[in-house]
Amino acid sequence: MTKKIFSKPQAVIGLILIMIVIICAIFAPVIAPNSPDQIDPSLKYLKADGDYPLGTDQLGRCELSRLIYGARYAIGMSIPMLLILGILGLIIGTFSVCAGEKMDRIITFICDVFISFPSLITAIAVISVLGNGIQNIAVAVVISMWAWFARTVRSYAATEMGKEYITAARISGCSTVSLIFRHLIPNILPQCIVYMSTGVASAIIMISSFSFLGLGLPQGTAEWGAMMNEARTGLYGHPEMLVYPGICIFVTTAGFNLFGEALRDALTSEGGI
Amino acid sequence: MRYILTANNITKCFFKDGKKFNAVDNVSFFLDKNEFCSLVGESGSGKTTLVRIISGLISPDSGTVVCDGESLTPRLRRKNKVICAKLQLVLQNSRAALDPRFSVYESIAEPIKNLKKCPRDEERKTVEKFIEQMELPKSILSQRSGELSGGQQKRVCIARALAADPDYIIFDEAVSGLDAVVRKNVLDLLIKIQKNSGKGCLLITHDIDAALYISQRIAVMKSGRILESVNYSGDIKVFKSEYAKTLISSSSSGIKKYDISVKNG
Chain A
1 MTKKIFSKPQ
11 AVIGLILIMI
21 VIICAIFAPV
31 IAPNSPDQID
41 PSLKYLKADG
51 DYPLGTDQLG
61 RCELSRLIYG
71 ARYAIGMSIP
81 MLLILGILGL
91 IIGTFSVCAG
101 EKMDRIITFI
111 CDVFISFPSL
121 ITAIAVISVL
131 GNGIQNIAVA
141 VVISMWAWFA
151 RTVRSYAATE
161 MGKEYITAAR
171 ISGCSTVSLI
181 FRHLIPNILP
191 QCIVYMSTGV
201 ASAIIMISSF
211 SFLGLGLPQG
221 TAEWGAMMNE
231 ARTGLYGHPE
241 MLVYPGICIF
251 VTTAGFNLFG
261 EALRDALTSE
271 GGI
Chain B
1 MRYILTANNI
11 TKCFFKDGKK
21 FNAVDNVSFF
31 LDKNEFCSLV
41 GESGSGKTTL
51 VRIISGLISP
61 DSGTVVCDGE
71 SLTPRLRRKN
81 KVICAKLQLV
91 LQNSRAALDP
101 RFSVYESIAE
111 PIKNLKKCPR
121 DEERKTVEKF
131 IEQMELPKSI
141 LSQRSGELSG
151 GQQKRVCIAR
161 ALAADPDYII
171 FDEAVSGLDA
181 VVRKNVLDLL
191 IKIQKNSGKG
201 CLLITHDIDA
211 ALYISQRIAV
221 MKSGRILESV
231 NYSGDIKVFK
241 SEYAKTLISS
251 SSSGIKKYDI
261 SVKNG
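Quick mapping for you: the protein sequence lines, in order, are chains A and B.
If you use full-length UniProt numbering, the first sequence corresponds to residues 1 to 273, in order.
If you use full-length UniProt numbering, the second sequence corresponds to residues 1 to 265, in order.
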């Protein structure tokens, strides 16, 4: 299985991109040449040189350092959020399939209602109620995305429940709880992980677009979306300040998407693991 | 009191293309301990539906299933481990009936874990005993079900059913899709199991040859109804219905038997 995944160039490229971003996030204080938050108006919009490899922004902060620290927000927020979403999706999705037809219909209906709201509107509503803050962004993302995960897990679980080994397990005296934990979840987990790995990209984009709109994170945070927002003011004079964080978002999401798709291809061609 | 598994006036209907049809139509049936019975019928005659009702997996629209004096429902089957262990079903497609993530050992040990609760070493001994009984090598215990051949998978499924120590075992198409040699081996194995254990065994099949080979009683099913149920001891003249005669005469080895018996009769 592992061999099969890594025989695809897109998986290798994807993983390399992901690793670069993760290493930047973990070792940001070591890699970054300067402090990301040190403001010095006298150094504003410096050209790239040895001390400031990508120059400085409108407040004289080192652009490269800010980009490197930005990886912390992208990875540090999206992955825990995805874990929460994944666990929530697994619980709701499998419960929906196992709790009987009526419950299944009710849960599917609720999911459909949540999916029909644009996620941005949900997020704006949640943040305007709860106020700014990283944890509130997380809540907003989870509220706007849980239904997608629940519905996807439900469809995987429903397919799996129709298989004969589930009937055989019931005949062998499996209770519903052990059926879910011993048979159902282990068999749908690979597909769920693939879905989650492609979901990381959309979570990163969502977080960045919230902060681009000034939702959630405090002013001046070294987050890619927020950096793009701040760079808008100097769009005509220094468009590169808008481009750099854009490239970072692009590279990170591309990494997760490439890897996730390679995982999915390896899985489907094998007909499930 | 005589213990027995009975189905009384079972009816189950399904909807197909908006039309209602009776998959099982007012069928009564019984399975005694210490007998090998067969239920024969063409594909779509309602055999599998009847078996799923008899084994308490789905509930009938009308009629009752009684297992050793207790009325059997899917709910009771889920709640009552004793009833659950009493009645085991070996499913048709053994490849799909084994969890692809489980080793052979885990698959066979599952009913013991769920229904019996015994110490680990005893569990291991029981599993090994059934593996031996199924004439399988011990080395396959650590293998995944996908690595086994069709015949081995079938045997593992049978071993799993036996591990629950049931009074009644139902084999749904136990020999379909197996080659001639393996098929004969499995049938002989089933006869041996039944003789040694005295369990009530029911073979569901569309293969009249297998039924004639294995059973003491044969029920013939068509379009959701049981046409006849006869005690069979080698003489095929006992079959009265035209359909049963057609089935026997159209099977390869049945032609000879039928011709001989007609001539002799």
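Honestly, the hints are just simulated from the structure, not real lab data.
Where hints are given, some of them may not hold.
[Said to hold, decoys possible] Covered by chain B, per the in silico footprint, the following chain A stretches (three or more residues, Cβ under 8 Å):
{"no.": "1", "segment": "156-165"}
{"no.": "2", "segment": "169-178"}
{"no.": "3", "segment": "229-238"}
[What the hints assert, rightly or not] In the DSS-like style, the derived pairs of lysine-lysine whose C-alpha atoms are separated by at most 27 Å in a straight line are:
{"no.": "4", "chain 1": "B", "residue 1": "Lys20", "chain 2": "B", "residue 2": "Lys184"}
{"no.": "5", "chain 1": "B", "residue 1": "Lys81", "chain 2": "B", "residue 2": "Lys19"}
{"no.": "6", "chain 1": "B", "residue 1": "Lys240", "chain 2": "A", "residue 2": "Lys163"}
{"no.": "7", "chain 1": "B", "residue 1": "Lys195", "chain 2": "B", "residue 2": "Lys129"}
{"no.": "8", "chain 1": "B", "residue 1": "Lys138", "chain 2": "B", "residue 2": "Lys192"}
{"no.": "9", "chain 1": "B", "residue 1": "Lys125", "chain 2": "B", "residue 2": "Lys192"}
{"no.": "10", "chain 1": "B", "residue 1": "Lys113", "chain 2": "B", "residue 2": "Lys79"}
{"no.": "11", "chain 1": "B", "residue 1": "Lys117", "chain 2": "B", "residue 2": "Lys129"}
{"no.": "12", "chain 1": "B", "residue 1": "Lys245", "chain 2": "B", "residue 2": "Lys222"}
{"no.": "13", "chain 1": "B", "residue 1": "Lys237", "chain 2": "A", "residue 2": "Lys102"}
{"no.": "14", "chain 1": "A", "residue 1": "Lys163", "chain 2": "B", "residue 2": "Lys19"}
{"no.": "15", "chain 1": "A", "residue 1": "Lys163", "chain 2": "B", "residue 2": "Lys195"}
{"no.": "16", "chain 1": "A", "residue 1": "Lys163", "chain 2": "B", "residue 2": "Lys116"}
{"no.": "17", "chain 1": "B", "residue 1": "Lys222", "chain 2": "B", "residue 2": "Lys129"}
{"no.": "18", "chain 1": "B", "residue 1": "Lys33", "chain 2": "B", "residue 2": "Lys20"}
{"no.": "19", "chain 1": "B", "residue 1": "Lys138", "chain 2": "A", "residue 2": "Lys102"}
{"no.": "20", "chain 1": "A", "residue 1": "Lys163", "chain 2": "A", "residue 2": "Lys102"}
{"no.": "21", "chain 1": "B", "residue 1": "Lys195", "chain 2": "B", "residue 2": "Lys81"}
{"no.": "22", "chain 1": "A", "residue 1": "Lys163", "chain 2": "B", "residue 2": "Lys79"}
{"no.": "23", "chain 1": "B", "residue 1": "Lys16", "chain 2": "B", "residue 2": "Lys33"}
{"no.": "24", "chain 1": "A", "residue 1": "Lys102", "chain 2": "B", "residue 2": "Lys16"}
{"no.": "25", "chain 1": "A", "residue 1": "Lys163", "chain 2": "B", "residue 2": "Lys33"}
{"no.": "26", "chain 1": "B", "residue 1": "Lys19", "chain 2": "B", "residue 2": "Lys33"}
{"no.": "27", "chain 1": "A", "residue 1": "Lys163", "chain 2": "B", "residue 2": "Lys237"}
{"no.": "28", "chain 1": "B", "residue 1": "Lys195", "chain 2": "B", "residue 2": "Lys20"}
{"no.": "29", "chain 1": "B", "residue 1": "Lys237", "chain 2": "B", "residue 2": "Lys33"}
{"no.": "30", "chain 1": "B", "residue 1": "Lys245", "chain 2": "B", "residue 2": "Lys79"}
{"no.": "31", "chain 1": "B", "residue 1": "Lys129", "chain 2": "B", "residue 2": "Lys184"}
{"no.": "32", "chain 1": "B", "residue 1": "Lys138", "chain 2": "B", "residue 2": "Lys79"}
{"no.": "33", "chain 1": "B", "residue 1": "Lys138", "chain 2": "B", "residue 2": "Lys116"}
{"no.": "34", "chain 1": "B", "residue 1": "Lys19", "chain 2": "A", "residue 2": "Lys102"}
{"no.": "35", "chain 1": "B", "residue 1": "Lys184", "chain 2": "B", "residue 2": "Lys222"}
{"no.": "36", "chain 1": "B", "residue 1": "Lys33", "chain 2": "B", "residue 2": "Lys138"}
On a predicted model such as this, the values are computed, not experimentally measured, just so you know.
A virtual CB, placed ideally from N, CA and C, is assigned to each residue, including glycine.
Cross-check of the supplied hints:
1. 156-165: holds (count 3)
2. 169-178: Contact hint for the segment 169-178 of chain A vs chain B: holds, 9 residues under 8 Å.
3. 229-238: This one is violated; 0 residues, fewer than the three required, reach chain B with a Cβ under 8 Å.
4. Lys20/B <-> Lys184/B: 39 Å, violated
5. Lys81/B <-> Lys19/B: Status violated; Cα separation ~38 Å.
6. Lys240/B <-> Lys163/A: Since the Cα atoms of Lys240/B and Lys163/A sit roughly 39 Å apart, the hinted pair is violated (cutoff 27 Å).
7. Lys195/B <-> Lys129/B: 17 Å, holds
8. Lys138/B <-> Lys192/B: 20 Å, holds
9. Lys125/B <-> Lys192/B: 21 Å, holds
10. Lys113/B <-> Lys79/B: 16 Å, holds
11. Lys117/B <-> Lys129/B: 17 Å, holds
12. Lys245/B <-> Lys222/B: Status holds; Cα separation ~13 Å.
13. Lys237/B <-> Lys102/A: Status violated; Cα separation ~52 Å.
14. Lys163/A <-> Lys19/B: Holds, because 26 Å separates the two Cα atoms, which is no more than 27 Å.
15. Lys163/A <-> Lys195/B: It is violated: about 32 Å lies between the C-alpha atoms, which goes past 27 Å.
16. Lys163/A <-> Lys116/B: 25 Å, holds
17. Lys222/B <-> Lys129/B: 39 Å, violated
18. Lys33/B <-> Lys20/B: Violated: Lys33/B and Lys20/B sit about 36 Å apart, past 27 Å.
19. Lys138/B <-> Lys102/A: With Cα atoms ~46 Å apart, Lys138/B and Lys102/A exceed 27 Å; violated.
20. Lys163/A <-> Lys102/A: Roughly 21 Å between the alpha carbons, so the hint for Lys163/A and Lys102/A holds.
21. Lys195/B <-> Lys81/B: 26 Å, holds
22. Lys163/A <-> Lys79/B: 22 Å, holds
23. Lys16/B <-> Lys33/B: 37 Å, violated
24. Lys102/A <-> Lys16/B: Between Lys102/A and Lys16/B the Cα gap is close to 22 Å, so the pair holds against 27 Å.
25. Lys163/A <-> Lys33/B: Between Lys163/A and Lys33/B the Cα gap is close to 31 Å, so the pair fails against 27 Å, i.e. violated.
26. Lys19/B <-> Lys33/B: Violated - the C-alpha atoms of Lys33/B and Lys19/B are around 39 Å apart, more than 27 Å.
27. Lys163/A <-> Lys237/B: Violated, at about 41 Å.
28. Lys195/B <-> Lys20/B: This hinted pair is violated, its Cα atoms lying about 42 Å apart.
29. Lys237/B <-> Lys33/B: 26 Å, holds
30. Lys245/B <-> Lys79/B: 43 Å, violated
31. Lys129/B <-> Lys184/B: Roughly 22 Å between the alpha carbons, so the hint for Lys129/B and Lys184/B holds.
32. Lys138/B <-> Lys79/B: 34 Å, violated
33. Lys138/B <-> Lys116/B: 22 Å, holds
34. Lys19/B <-> Lys102/A: Roughly 24 Å separates the two Cα atoms, so the pair holds.
35. Lys184/B <-> Lys222/B: It holds: about 26 Å lies between the C-alpha atoms, which stays within 27 Å.
36. Lys33/B <-> Lys138/B: 30 Å, violated
Violated hints, listed in ascending order, are 3, 4, 5, 6, 13, 15, 17, 18, 19, 23, 25, 26, 27, 28, 30, 32, 36; each of the other numbered hints is respected by the structure.
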